[in-house]
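Chemist: Okay, here's what each chain looks like letter by letter:
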Amino acid sequence: MRVNIEYLKKFINIDTDKLKMKDLLASIGLEVSELITCNGKDIFDVEITPNRPDWLSHYGIARDIHSKLQELKFSTLKFPEVHLDKQNEDFLINIEDINDCPRYTGCIVRDIKVNESSKEVKELIESFGLRPINNIVDISNLVLMTIGQPIHIFDLDKIYGNEINVRRALNGESLELLDGQKISLNNEFLVICDEKKPVAIAGIMGGEYSGITFETRNIFIESAYFNPIIIRRGARKLGIKTEASYRFERGADVLVTQKAISFVLEMIKKVQKQELNITYYNDVFKKEFKPIFIELSKDYPSTYTGIEIKDSVSEQILRNLGFKLENKGDKWIVEIPSYRVDIFNKQDLVEEIIRIYGYDKLSSKLPLCVNENLRTNNERDLINKIRNHLTSIGFNEVINYIFHSYEENKLFSDRENFLEIKNPIGRDFSVLRNSLIPGLLKNSALNFNSSIKRVSLFEFGKRFYIKNEKIREEDILSLSASGIYIEPNWKEQIEKDFDFYIFQSLFSTMLKKIHVKFKLEKDHFPHLLDECSYLVKIDEHEIGYIGSLKKEIIDFYKIDKPVFVVEVQLSKISKYIKEDSFKMWNKFPFSKRDFSFLIDKNIDYYELESVMEKLKPAIMEKYELFDLYEGNKIPASKVSFSMAFYYRSKKRTLTSDEINDTHIKFTEKLIKKLDLIQR
Amino acid sequence: MIDELKKEIEKVKKGFLQEIDQILSKEDLKKLRDKYTSRKNGILTEFMHNLKKASKELRPIAGQTINELKLIIEDKFKETEKTLISKVYGRVDYSLPEFDFSVGYSHILSNILTKIEDIFLNSGYEIAYGFEVESEYNNFTALNIPEHHPARDEHDTFFIKDFENTILRTHTSPVQIRYMNEHKPPIKIISPGKVFRKDEPDATHTPVFTQVEGLLIDKDINFSHLKGTLESFIKSFFGENINVRFRPGYFPFTEPSAEVDISCFLCFGKDQDCKICKGTGWLEILGSGMVHPKVLLNCNINPEEYSGFAFGMGVERIALLKYGIPDIRMFYENDIRFLSQFG
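These protein sequences, in sequence, are chains V and C. Per our numbering, the first sequence starts with residue 1, numbered consecutively. Per our numbering, the second sequence starts with residue 1, numbered consecutively.
These are computed hints drawn from the structure, not numbers from a lab. The reader is advised that the hints may include incorrect statements.
[Said to hold, decoys possible] Here are a few chain V residues that face chain C, going by a calculated C-beta distance under 10 Å:
no., residue
1, P50
2, N51
3, R232
4, Y304
5, E352
6, S364
7, K365
8, V370
9, E372
10, N377
11, I402
12, S450
13, K462
14, D475
15, H541
[As the list claims (entries may be wrong)] Chain V residues, not near chain C, derived (Cβ > 12 Å throughout):
no., residue
16, R167
17, D179
18, S184
19, E492
20, D661
Even for Gly, the Cβ is constructed at its ideal location relative to N, Cα and C.
Just chain C, with the same shape it has in the complex:
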């Protein structure tokens, strides 16, 4: 009788161990636990129930045997719970597609701006912000662009109704004017932000775009300092292997002025039909120059005592070149298929 019971228990144990090995999920584990240990109709419960029918001599031994099994089962459950991971078809198929949990992306223009800002922050530049609606004085006149100056043609300007001499800034230079009026040199700032030109949106124009401008004013600042500063920025941003070329340019608020080109990072001047540099080997990326003495005077800084440089770049242009984006409007359409390509 006792042997029979022991045999039966051994059978249950074997069956259990086989079953628990197949367990895949927490839910299945719970089902199995119920099957064996449920107070209503668990297998062990039934064994215990049947014990009542057994003889007095047998009962203690049988009870002990069943309890041993119960302990084994419970231990096994605890152990299995610890190592339980979601298995499918009795195994982990690591190659199944991961769940498509939502993740958001910061805008490509924010990413580039942040990278530019970080480079200058690390060199001790402060970030200065300003207003998007500005006075004509801060945007033009103070910057040595008087009314009827032909350079105003190049800044097609939005005017604000009912407010005289009020416009949407065409560059972030007014931030520099405000800063110079409020601070004494040494001055070392960058001014990032949106700027506005009256352009119909097309593949190469948007009425809104993003600029970062920089300004440094101190004693004994010279043109070679500007070149060194921009070269160092460009190598940080685009890479050590990028060459920089300074060319004479014209901005009313700088003298001398320089256009800054970088060597084409796609073909390095080796492809006559290069998509981005069109075979020239150079990409125009920055405008810069020594701050015009009139601009300093307009901000109550003595040009005989101080000198400085300023530079500016378009963030969209950098992004267009860097990633070969075909249409500038894409930055402002905000199609997630576009946004999600730039983390």
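Pulled out of the complex, with its shape left as it was, chain V reads as follows:
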């Protein structure tokens, strides 16, 4: 809200510089977002929190400043006495439902002249960020900005018949608004109607037809209280926010409608420079207003704030803010004024007291709260461990939005079990991601474009899908690698691109840290190359997939190099993680024997391994593959493996003869079993 400092001084004699005033306002909860000058006057743009519609007026703000600075002279607003008992004109105000409109005050003034406002008034209106229209409309705005009550004034001669009806709109009704837009209405809107048709949308905006013009002679003044929920719903539906709807939807002061009209009349009288011909007045207030009473223990403000606040201080603050207090021994019965629609309980009252007393007077204490629930968070520990490991082997952590386009999700799934956003910010943000890989690919493309040669990334995050009509949210870790793995340097001109074996091995180092071994199993994934597409398993449990992306996928993200990816479920990893444990190592010396052989290409290493595991002699500790050859020196159906076998006993030093003997027996069995050709 625009606060004109000079106008504010009409109510409170505040005389200080702008910056000090800004701090003062901040200290009572009014945040000045901008300092503006308008026609040479200082204006504060103040942010009003939605709970305080009573601050949406200069008088309301002055009231709070006064409770803070009691020593300043505060001019209580005196509403003019206007005799409003004349009802000599035959006119009716009908309210369909008093819940929609608890109070409606209306008044007819005849024989007025509409002119431009004086320069002074125009400048005042402009300083509030409004546009001067004419001396009648400007008065309604002036009243609004002064006491916060929205006033609407109709051209009486444009109102058909002798009645005003406050009712829900009928389906099919429409109205052209003051801003020129024509809207169609339905039962959700509350409207002000004449005998035939709507002339205004209650509390939001008036109709164009019945607006005040320079030709207007007779007027109907409306000062009402409308149900905040209906106004809010209507304004949202229309996408309109007016000064009136802004106040009504937050809650106006139901007790001020009549005073506001007298205020309007007084001002009109001033500009008309003559007694007004008021021919009709009615205040329809059928829904009884019941003020709220709150019991407040006198020691509660101190207990709840943790600092000592004297009873007299609390009492004075509340009274200055307009609360009525009744002393009842060790407590007060506090009556809440009608304009404070935000106060319901004793905590609200404590806020009022400490807000004015000063948040700066709070002390700093630490609570002696012992948390019995406190346990180590294993999930967080795992994530931190993985993050530390991956960054140390050259992977960068990224964080992406969780939104994808529909097409993107389809690239990564055969099924269309996506979670869609009803109101996305754009097509590319319309579904929740079913994989973290697209984010990594967008990041990779961006980095390749800025000539980064190695792009190896990872992300922790959630993926979403629907299963059995339920929403699934899974914690995922995804890695991608593309480009150069080893870059040449001045000493060694070696350059090595990422390939599947390097990628897989880097991934395995991460699992080594948590003592987990994985196995791969050939499988189909819609986004992975058929010849490089695998399930990742830990002890026969699927935890995710690994492979190389299909050409159409990397084309989609405009990347021109192979991209290797792995995506695993964190919950599964943490389930199969093996705790650190200690085992004494073997202190006897080991002996190594090499064995090179040709093996049929149909037999993969997993199969060879499983056979070796079965045939493994007791003294064989481990084996490793140290060379692999495929090519024209050997038959095309074969591959050559060179392996090293390590022999060691847990009890003694082995003799060379017994190792040779064991090794030969083992290799012979292996040759026989798998039809190997020794080299």
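Since chain V is already given, all that's left is putting chain C on it; use the hints.
Modeler: Showing chain C alone in chain V's frame:
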């Protein structure tokens, strides 16, 4: 004859010692070793070969002399191997550029989050996680933000299609609701995580951002406890010389509520044109307050018996301020030139 041989051997020895001093790398060392000791054509091998031509009397003495040289050479090789480091141009040029080995960086938001979490973990707070897709009830209603409450305007919300009353959480407060429903006080948690608001991405908005919220509920908790807790956190995170200011604020789920400002760590309020605080000397960093009694009641906690406080902060905002980052979208672009500035 023998003197001649001795002289020759002495010459070889001298040459060898000179040569081995120049050795720079393992490869060169191997070459030198081959030159002297290769079984095919090593210098020593040739000496031995030539011995056959020498007279019987001479042979033992010459053999001994050659063997002595052989021992010296082998010792020198072993010794050189031990001290061999990569030298260039006969010396180590320590000023040559180091190799650009790959190292990765954890994301700046993870770094800040971890630091915040660690401070609260050290004070006995537990970390609670929740769901990103939430019910309107947990996100709004339970937090004293009923339908048609104007505060819902400030949380532009993404709705999930085909699932009624289902949204992307607009803050991590639903985690607190879930936790309060499942635990009895005392409660002492922080809930970090992603939150979502329907904002078009621009320099100051992203539809996704990161929050950390905290909640403490116990008997006799008061507003000054909140101030003390946040002051202690802020000094741990930003430094001892940072001042803290509490201002009245409004959140539907706390009463009283407080906005928390810290003194500007760039200009300390001394620069009228300060880039970050715009001359005000203060930076808004946290929202907080005493948990609203309705929220406690919604979670079956008796507000007459227990009270508590809650607070929340945006991780991106802290990072933007701390490092003077000009555009919030940078956190989500993941340009390595950006990421690698924060270890």
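Chemist: Each of the hints needs a verdict: does it hold here or not?
Modeler: Now the hints, each set against the structure:
no.	hint	verdict
1	P50	holds, 4 Å
2	N51	holds, 5 Å
3	R232	holds, 5 Å
4	Y304	holds, 6 Å
5	E352	holds, 9 Å
6	S364	holds, 4 Å
7	K365	holds, 4 Å
8	V370	holds, 7 Å
9	E372	holds, 7 Å
10	N377	holds, 5 Å
11	I402	holds, 6 Å
12	S450	holds, 6 Å
13	K462	holds, 6 Å
14	D475	holds, 9 Å
15	H541	violated, 23 Å
16	R167	holds, 20 Å
17	D179	holds, 21 Å
18	S184	holds, 22 Å
19	E492	violated, 8 Å
20	D661	holds, 33 Å
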